[in-house]
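> Residue-level listing of the chains:
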Amino acid sequence: MSLITPDFGLLVWMTLIFGIVFFVLAKWGFPMITDSIQKRADRINESIRQAKEAEERLRNLATEQAAIIEEASKEQTRILKEAASARDKMLEQAKAQARDEAAKIIDQARVQIAAEKESAMRDIRKEVALLSVSVAEKVLRKDLDSDEGRSELVSRFVDELRS
Amino acid sequence: MKFLKYILVMLMILPFQARALAQEDTEVDLDMDEYLYGHVRDSYEWHITTINGKPVSIPLPVIVISKAGSGVHVFSSKHLEEGEYKGFSIATSGKYENKIVEKGPGGAEIRPWDFSITKNVLGLLINSAILLLIVLGTARWYRKHDATQEAPKGGVGIMEMMVSMVEDDIIKDCVGEDYKRYSPYLLTAFFFIFINNLMGIVPFFPGGANITGNIAVTLVLALFTFFTVNIFGNKHYWKDILWPDVPTWLKVPLPLMPLIEIIGMFTKPFSLMVRLFANILAGHFMILGVVAVIFLTAKMGIAVNGGLTVVAVILGVFMDCLEILVAFIQAYVFTMLSAVFIGLSRQKAETN
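Protein chains in written order, with the numbering used here: chain A, 30 to 192; chain B, 23 to 374.
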């Protein structure tokens, strides 16, 4: 049967043709195609990996953000608290200072008042003294106008001197 | 659905035409052997059709080197139609039936070295040219475009899909680590077989040559795989053949297992050769047989002939679809088994 006996001529031709086809395709055909496909596949994989990374980073960013916000609010309350306490302290201080100041002023005022009083008293005393001198002068002058009076006065002075 | 109706109407008319043709053709019986084998075997001319009893065929160059000592002869095969030419003729019977023989001394038929461009050689050339065109055209697209930026469309896209299917499903899985080295061969084998299978199904020129259903063609393909496997086989592969991991009495004194393994070296490519050859040949026979029903029943009356023609055409369409599937499957199987054999020859010793 010629169907199952390989013909020599066809064997040679087939070897030659397949050999050439194989050589050409192996050199300029398939490696180009498979490499390109591989490159694209790699690129897609790489892109997916990067996207995943970015997503991961984004998710981290969100938690980071939340952390930052939380910290900020904590800081806020802390600052507020601090501010409140500082205000209280300042108020306290101011009050204390005011009290001190007031006390000082009062003291000064008191001293001044005392001094004023003193000087006023002194003035008054002087005035009174002058007044009493002038009264005494007037009394004396009236008494001295009369002889009786004069003698009586002299006698009283003498008495007084004696005693 | 409307389209289908037209097809059915056409089918109904067909038997009448076939009958008319059959009656015209006088009362010549269909020579089944000649019809079947004539279509699947190699020949020195490419028979296209027969018009009014005259064959229309493309004559092909005959290249023979005489063993009787008359040197190299190159001539057109149309000279052989008449009979003898320069002492060469196509044997009609005997050991070299349908082959060119040379009349030797004493009337003995001597087969010369025959390197003729036969129907199958021309078919191989045409199909190879188509294959080169397709693959190099695809490769050209990748050379011109940045594949990382855009994906091909249309024909290149189909080629890319098929190449990546073969590469990913067959080559990477079956060969293993260093698949890159073997992928050009396996891809070439796949597409070579596939395109030749497909062109074999096309019923008219330039298709129709029964190339992958020819044992010489599949033998060469199997030999390529055989040499690829055995030349690049690693130490572990040879150790597995010559000193396999079996009880010692199976190896010494009678090398039973090594013998079996060595036979296995040859049966693997042999099975590759026979599988592809037989599948494609059987497919051709089946389609030819189904079509033959129309002509065989031409004399049985219009009713029988008409009914069977419809059946034959429907069956023929079915067979053609099946053959397209087989064309793909056989290319796939050949490539996959080649890849598996290569993978086995590259296996590293198991580390338990």
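Hint data in this document are derived by calculation from the structure and do not stem from the laboratory.
Virtual Cβ for every residue (Gly too), placed ideally from N, Cα, C.
Hints are not guaranteed to be accurate.
[Claimed, not checked] Capping the alpha-carbon separation at 27 angstroms, the derived lysine-lysine pairs in DSSO-like fashion look like this:
no., chain 1, residue 1, chain 2, residue 2
1, A, Lys56, B, Lys202
2, B, Lys175, A, Lys56
3, A, Lys68, B, Lys202
4, A, Lys56, B, Lys273
5, B, Lys125, A, Lys68
[Claimed, not checked] Each pair of labels, with its calculated beta carbon distance range:
no., chain 1, residue 1, chain 2, residue 2, range
6, A, Phe52, B, Gly198, 17 to 27 angstroms
7, A, Gln67, B, Asp55, 25 to 35 angstroms
8, A, Thr34, B, Val332, 34 to 44 angstroms
9, B, Gly91, A, Gly48, 23 to 33 angstroms
10, A, Thr92, B, Gly198, 35 to 45 angstroms
11, B, Tyr118, A, Phe52, 43 to 53 angstroms
12, B, Gly93, A, Leu45, 18 to 28 angstroms
13, B, Ile324, A, Leu45, 49 to 59 angstroms
14, A, Ala55, B, Trp135, 26 to 36 angstroms
15, A, Ala70, B, Asn74, 36 to 46 angstroms
> Hint by hint, say whether it matches the structure.
Results for each hint:
With a C-alpha separation of about 13 angstroms, the suggested pair A/Lys56 and B/Lys202 falls inside the 27 angstroms cut-off, and the hint holds. A distance of roughly 24 angstroms separates the Cα atoms of B/Lys175 and A/Lys56; the hinted pair therefore holds under the 27 angstroms criterion. Between the alpha carbons of A/Lys68 and B/Lys202 the distance comes to roughly 14 angstroms, so the proposed pair stays at or under 27 angstroms and holds. At most 27 angstroms may separate the alpha-carbon atoms for a hinted pair to count; A/Lys56 and B/Lys273 exceed this at roughly 44 angstroms.
With a C-alpha separation of about 62 angstroms, the suggested pair B/Lys125 and A/Lys68 falls outside the 27 angstroms cut-off, and the hint is violated. Taking 17 to 27 angstroms as the suggested C-beta distance range, the pair A/Phe52 and B/Gly198 conforms, at roughly 25 angstroms. A hinted range of 25 to 35 angstroms for the beta carbons of A/Gln67 and B/Asp55 is inconsistent with their spacing of about 52 angstroms. Between A/Thr34 and B/Val332 the beta carbon distance is about 39 angstroms. The supplied range of 34 to 44 angstroms therefore holds.
For the pair B/Gly91 and A/Gly48, the supplied restraint of 23 to 33 angstroms holds, since their beta-carbon distance comes to about 31 angstroms. A C-beta distance of roughly 44 angstroms is found between A/Thr92 and B/Gly198, which places it inside the suggested range of 35 to 45 angstroms. A hinted range of 43 to 53 angstroms is violated for the C-beta pair B/Tyr118 and A/Phe52, which are about 33 angstroms apart. Checked against the hint of 18 to 28 angstroms, the C-beta distance between B/Gly93 and A/Leu45 comes to roughly 22 angstroms, which is consistent with it.
With their beta carbons about 52 angstroms apart, B/Ile324 and A/Leu45 fall inside the hinted range of 49 to 59 angstroms. The beta-carbon spacing between A/Ala55 and B/Trp135, approximately 30 angstroms, falls within the hinted interval of 26 to 36 angstroms. Taking the beta carbon of each, A/Ala70 and B/Asn74 are about 59 angstroms apart, not inside 36 to 46 angstroms as hinted.
Hints 4, 5, 7, 11, 15 from the list above are not met by this structure, while the remaining hints are.
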